[in-house]
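Chain A is already provided as a structure; the job is to place chain B on it using the hints.
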Amino acid sequence: MKKAIAMEVNGGSRELEVEPWRTLLDVIREELGLTGAKLGCDIQVCGACTLLVDGKPVSACSVLAVDVDGRRVATVEGLADGDRLHPLQESFMKYGALQCGYCTSGFLLTAKAMLDENPHPDDDQIKSYMGGSFCRCGCYQEIMQAIRSVAQA
Amino acid sequence: MAIVERPQSARDGQRLDYQAKLTGRAAYLADMKMPGVCEGAILRSPVAHAWIRYVDASEALKVSGVVAVYTKDDVVRGTGIEPYYGPVFKDQTIVAVDKVRHVGDPVAAVAAETREAAEEAATRIVVEYEDLPPVMDVRDSVKEDATLVHETVRIPEHGFADLAELKPIENTNVCTHFKLRKGDIEQGFAECAHVFEDTFILPTTQHVALEPHGCVASFQPDGRVHLWSTTQNPFVVRTQLANIFKLPVSKIRIIVPYLGGGYGSKVYPKIEPLTVALAQKAKRPVRILLSREEVFYTVTKHAAVIRMKTGVKADGTFHAREAEVLLDTGAFAEIGPRVAKKSAYTAAGPYKFSHVKIDAKSVYTNKPPAGAFRGFGVSQSAWASESQTDIIARALGRDPCELRMQNIYDEGDEFVTGEKLWSIGVKGCLEKVAQEMKWSEPMPAPEDPSRVRGRGLAALIKATITPSISCAAIKLNEDGSVNVFTSTVEMGQGSDTAMAAIVADTLGISLDQVSVLGVDTDVVPYDLTTSSSRSTFHMGKALELASLDLCEQLRKFVSEEYDVPFDETRAEGGKVLFRENALDFREVLFNHFGMQGGTLVGRGEVKTSIKDPETGDKTTSSFWFVGAGGSEVEIDKDTGRLRVLKHATAVDVGRVITPLGCQQQLVGGAITGLGQALFEQMVFDNGVLVNPNLVDYVLPALGDMPDVITPITVEVPHKNGPFGAKGIGETSLIPVAPSIANAVDDAVGVRIKDLPVTAEKIFLGMLDK
Numbered sequence: 012m013k014k015a016i017a018m019e020v021n022g023g024s025r026e027l028e029v030e031p032w033r034t035l036l037d038v039i040r041e042e043l044g045l046t047g048a049k050l051g052c053d054i055q056v057c058g059a060c061t062l063l064v065d066g067k068p069v070s071a072c073s074v075l076a077v078d079v080d081g082r083r084v085a086t087v088e089g090l091a092d093g094d095r096l097h098p099l100q101e102s103f104m105k106y107g108a109l110q111c112g113y114c115t116s117g118f119l120l121t122a123k124a125m126l127d128e129n130p131h132p133d134d135d136q137i138k139s140y141m142g143g144s145f146c147r148c149g150c151y152q153e154i155m156q157a158i159r160s161v162a163q164a
Numbered sequence: 020m021a022i023v024e025r026p027q028s029a030r031d032g033q034r035l036d037y038q039a040k041l042t043g044r045a046a047y048l049a050d051m052k053m054p055g056v057c058e059g060a061i062l063r064s065p066v067a068h069a070w071i072r073y074v075d076a077s078e079a080l081k082v083s084g085v086v087a088v089y090t091k092d093d094v095v096r097g098t099g100i101e102p103y104y105g106p107v108f109k110d111q112t113i114v115a116v117d118k119v120r121h122v123g124d125p126v127a128a129v130a131a132e133t134r135e136a137a138e139e140a141a142t143r144i145v146v147e148y149e150d151l152p153p154v155m156d157v158r159d160s161v162k163e164d165a166t167l168v169h170e171t172v173r174i175p176e177h178g179f180a181d182l183a184e185l186k187p188i189e190n191t192n193v194c195t196h197f198k199l200r201k202g203d204i205e206q207g208f209a210e211c212a213h214v215f216e217d218t219f220i221l222p223t224t225q226h227v228a229l230e231p232h233g234c235v236a237s238f239q240p241d242g243r244v245h246l247w248s249t250t251q252n253p254f255v256v257r258t259q260l261a262n263i264f265k266l267p268v269s270k271i272r273i274i275v276p277y278l279g280g281g282y283g284s285k286v287y288p289k290i291e292p293l294t295v296a297l298a299q300k301a302k303r304p305v306r307i308l309l310s311r312e313e314v315f316y317t318v319t320k321h322a323a324v325i326r327m328k329t330g331v332k333a334d335g336t337f338h339a340r341e342a343e344v345l346l347d348t349g350a351f352a353e354i355g356p357r358v359a360k361k362s363a364y365t366a367a368g369p370y371k372f373s374h375v376k377i378d379a380k381s382v383y384t385n386k387p388p389a390g391a392f393r394g395f396g397v398s399q400s401a402w403a404s405e406s407q408t409d410i411i412a413r414a415l416g417r418d419p420c421e422l423r424m425q426n427i428y429d430e431g432d433e434f435v436t437g438e439k440l441w442s443i444g445v446k447g448c449l450e451k452v453a454q455e456m457k458w459s460e461p462m463p464a465p466e467d468p469s470r471v472r473g474r475g476l477a478a479l480i481k482a483t484i485t486p487s488i489s490c491a492a493i494k495l496n497e498d499g500s501v502n503v504f505t506s507t508v509e510m511g512q513g514s515d516t517a518m519a520a521i522v523a524d525t526l527g528i529s530l531d532q533v534s535v536l537g538v539d540t541d542v543v544p545y546d547l548t549t550s551s552s553r554s555t556f557h558m559g560k561a562l563e564l565a566s567l568d569l570c571e572q573l574r575k576f577v578s579e580e581y582d583v584p585f586d587e588t589r590a591e592g593g594k595v596l597f598r599e600n601a602l603d604f605r606e607v608l609f610n611h612f613g614m615q616g617g618t619l620v621g622r623g624e625v626k627t628s629i630k631d632p633e634t635g636d637k638t639t640s641s642f643w644f645v646g647a648g649g650s651e652v653e654i655d656k657d658t659g660r661l662r663v664l665k666h667a668t669a670v671d672v673g674r675v676i677t678p679l680g681c682q683q684q685l686v687g688g689a690i691t692g693l694g695q696a697l698f699e700q701m702v703f704d705n706g707v708l709v710n711p712n713l714v715d716y717v718l719p720a721l722g723d724m725p726d727v728i729t730p731i732t733v734e735v736p737h738k739n740g741p742f743g744a745k746g747i748g749e750t751s752l753i754p755v756a757p758s759i760a761n762a763v764d765d766a767v768g769v770r771i772k773d774l775p776v777t778a779e780k781i782f783l784g785m786l787d788k
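Residue numbers (the numbering used here), protein chains in the order written: chain A, 12 to 164; chain B, 20 to 788.
For reference, chain A alone in the conformation it holds in the complex (with noise of 0.2 angstroms):
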C-alpha cells in the first residue's frame, strides 16, 4: 500500500514511506515534524499552506506527497541560515507583518520564491504575485513594506 519517495528537503535529503492518498502538507507536518505550514483552507486559496517545490510556491494541502517524489522541498523551517534569519524574516520582524502568525510561512515562502524570480518587483507585481495568501489579522499593509524593503535593497 505504501510508496517509498524521496526528496530532497531544506537542503537534506529524505527518505520515507507513505500512502499514496497522503498530501505533501501531511507528510512535512506529520511525518518530518515540520510544523510551520498549516491547513487553513483545504482548497489551494488561503495559501497557508504554502511551500515551495522546486523554488515555486505550491498548495501542499492539494499535492500528493507522492507527486513531490525526486524533487527538492523548501519549508520555512530552513529558511535561516543557522540563527542568522532571512532578509525576508528580518523585514517582517521590523515592519510587523505578521500578528497571529498563521498565514506567516505562507506569505515568506511565496515572497522568496517571488524575489528570486524577480529580484526587483514593483507594488503591481508584488501585489499580484503574494494575492493568493490571505492575512486575516489585516498585515497587509505592513507585510507590503516588508517585501518593498527587501526588493529595494
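Please keep in mind that the hints were generated in silico from the structure rather than gathered at the bench. Heads up, the beta-carbon is just placed ideally off N, CA and C, and yes, glycines get one too. You may find that some hints are simply not true.
[Stated by the list, open to error] Computed spacing ranges between beta-carbons, pair by pair:
1. A:N21 / B:D498: 47 to 57 angstroms
2. A:S160 / B:K788: 44 to 54 angstroms
3. A:S160 / B:S459: 50 to 60 angstroms
4. B:E779 / A:E128: 54 to 64 angstroms
5. B:K332 / A:A164: 58 to 68 angstroms
6. A:N21 / B:R662: 39 to 49 angstroms
7. B:S459 / A:H131: 23 to 33 angstroms
8. A:E42 / B:G99: 35 to 45 angstroms
9. A:E42 / B:K198: 32 to 42 angstroms
10. B:G178 / A:G23: 54 to 64 angstroms
11. B:E599 / A:N21: 51 to 61 angstroms
Structure of chain B alone, referenced to chain A:
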C-alpha cells in the same frame, strides 16, 4: 489616581512571539503531538430544522479502527453529566438530543485510530429526521405564528451578573429583549422639526480565523482531565465543563497555545464539551480538528435588521432616537443576549439625545449559532446609526462632519444611561480623521473621467464587558529576571508583549528580562476572557499592581534590613533606593534569603463593578472605547465598481503601550471592517449554507487594499488603566462600513442600506436615479 508617565521598553518591531512565529517554531494546537491520541470526526445535520426520530450507530462501530461513537443516547442515558449548557442560557447539548436546529448541528461523533476511519464511520451512522419548517430570517422569527426553534429554554442558577435581568420570552423565538429608555420618546419626536426613519440590514458573516477550532482532551489516571484548546477564555470554558461533567474546576486543566486568530470566534465553549465527552467514552485521549466548512457551522456574526427613527431640531440638534434592533443569534443564544445589550447601548451612537427608546432583541433562527465577533453588536448598530447620520446631514444640507461635531459627546457629558462619560476622546478622533482625509478641501478629480470620487466619515462609542475580573502574578527570580503569569491569550494581538512591557516599565527593568509563560489554568490566576478589548486595561492593570506589590515587598525587606523607615525607600529603575544607596532587586533578594535563590511573588487583581467604587455612580462600562474612521472611494460610473482609495482610522487608546501593537490593531481592525463592508456574507438557500468555503466566501486580499490606511492614536488617558491605557482591539473595525456607504452616497448619490456594499447594488442604485 494619578496617571503615571511611562518609559517605553517595547520598541517598534519587537514582539516576544516573533522569533518563534517567523521561523515556523511557534506551536499552535494542530502542531502538538500526543501519544495514543484518537482522532475525532463529527456527523452534522444536513437539514436546518427537524425532529430526530432515531440515531443508529451500529454500522459505524464495525468500521476498522473505530474506538467509540457518541450519540444522543450518551447524553440522556445517565453517564452522570448535566446535558444542558451555554454561556447565558442552557440551550445547547453536547450533540443534538431532540431536534437539530441548524445545518451543521452536531448529531454524533466518532473517535478512531485515524481521521480517515473516524470520517468513514461517521458516514455510516443512520439518522432519521422528521423535517420542520426552518426559520431563516429574524423578521419571520419574531412573528407570533413562527415555528419555535426552542420549545423551552433553561436558565442557569449562576449566570453572568450583567445579564441576570434578561430572560427569554416564553413561547416565542425572542431569547432576549433589552430595553434602553431615556426621556419620553413621543414628546421628543413632537418637539422635532425633522423626523427620519430607515431600515438597515447586515448579513450573517464568519470570523474566518485562519486557524480552525481544535481541541485535545485527555483523562489522567487520577481522574483529572487535561485539555489543549483554541479558546479565548479558558476559565469560562473550565466552568462550563465543570458544570457539564460534574467535576471541581481543579480537576480540569486547560492549556492554550498560540491561537491563529480569534476575533471572537473562540470565546465560550465550542468543541470542548464534545471532545471531553468523546475522550471519556473512548477512554483514550481524543483530538478534534475542525475543517474549514465546520468552522462556518460553529459560530458566526449576528445578522441584523435595524429600524431606526431619529428626530432632529431645526438647528441640527439630535433630539430623539428610537431603534428596534433585531439580532439573529441563530440556533443557540450563545452570548447573543449580551450582544443585544451592547448593541443597544450604542444604538444612539456617540451623540447626545434627550429622548431615547431602544429595543434590542436577540432572536433565535435556524442558522448556525451567532456569538461574539470583533465589534460585538456595535458594528451592527453603528452601521445603522452612522449611515442615518449622513442621511440626515444630506437632507438638512449640513456638512456630515460638522453635524457630528455639533452633537458628539465630550468629556463629562451624560450618557443615555444617565452616567457621566470620562476619557472620551471621540471629538479628537473625528477631528484627526477629517484632517487626514482633507475633509475641508475640495475632492481631487479622478484621472479617469468615467470614474467619480466620494468621501465619508463615521464615529463610534462602545462599552467593554462590565463587571469582570482579572487576576495576575509575577515572579522575581534570584537573578533579577521576572516571569509573568497571565491568562490573557496571545492570539495575534500582541498581548504577551504589551503585558511584559507593562511589567518591565513598572519595575524599571528591560523587556528582555521579562518572560510570559502562556496560558495554563493550573498555573495562571483567573481572568474572565480575552475579548471585549479588555486585556490591556484589566490584565495590564492587574500586572501593574502585581509589579507594585513586588516593589513594596522589596522595600519592606530593605526597610527591615537597613533599619530605614519604609517611606524613605523607593523602588525605581530595577533598584531599591534609600539614603544614598541603590540595591538591585537581585541584591535585595540575595540579602533576604541569605544566598542566591528564592522566589518573590507579586500579586495583582482588578475587579470592575457596575458601580464606581469611589463615587458610587452607575458604571455601564469600566471604560468606553471611541474612535472615528474616514474613507475615500472611487466608483466606475458605468459598472458601479467600487475601490476604496484611502482609509483613515483614529482611536482613543488612552495611552500607547506598544506603538507597533497599536498600529497593527488599528490597521488590522480596519481591514477586517473592509471585508465586512465589501465582500463577506454567508448565503443560505432553504436553510442550507451555500458558501462554507474560502472560494465562495470572499475575504479581502492584498489586491483589495486601499492605497493607504492611516492609523491615528489619540491619547485621552483613563484613570483606571495601566499608565492611562484603554482597550483598542475592536474600535477601528466599526466605522469602516458606514464610512464607505457614506462615501458612496457622496460620490454617486446612492444610499446602500444593506451590507455588503457591492458594485451590483451601486449600479442598480444609479439606474434608479
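Going down the list of hints, with the structure as the test:
no.	hint	result
1	A:N21 / B:D498: 47 to 57 angstroms	36 angstroms, violated
2	A:S160 / B:K788: 44 to 54 angstroms	46 angstroms, holds
3	A:S160 / B:S459: 50 to 60 angstroms	34 angstroms, violated
4	B:E779 / A:E128: 54 to 64 angstroms	37 angstroms, violated
5	B:K332 / A:A164: 58 to 68 angstroms	60 angstroms, holds
6	A:N21 / B:R662: 39 to 49 angstroms	41 angstroms, holds
7	B:S459 / A:H131: 23 to 33 angstroms	40 angstroms, violated
8	A:E42 / B:G99: 35 to 45 angstroms	40 angstroms, holds
9	A:E42 / B:K198: 32 to 42 angstroms	59 angstroms, violated
10	B:G178 / A:G23: 54 to 64 angstroms	56 angstroms, holds
11	B:E599 / A:N21: 51 to 61 angstroms	58 angstroms, holds
When each numbered hint is compared with the structure, violations occur for hints 1, 3, 4, 7, 9.
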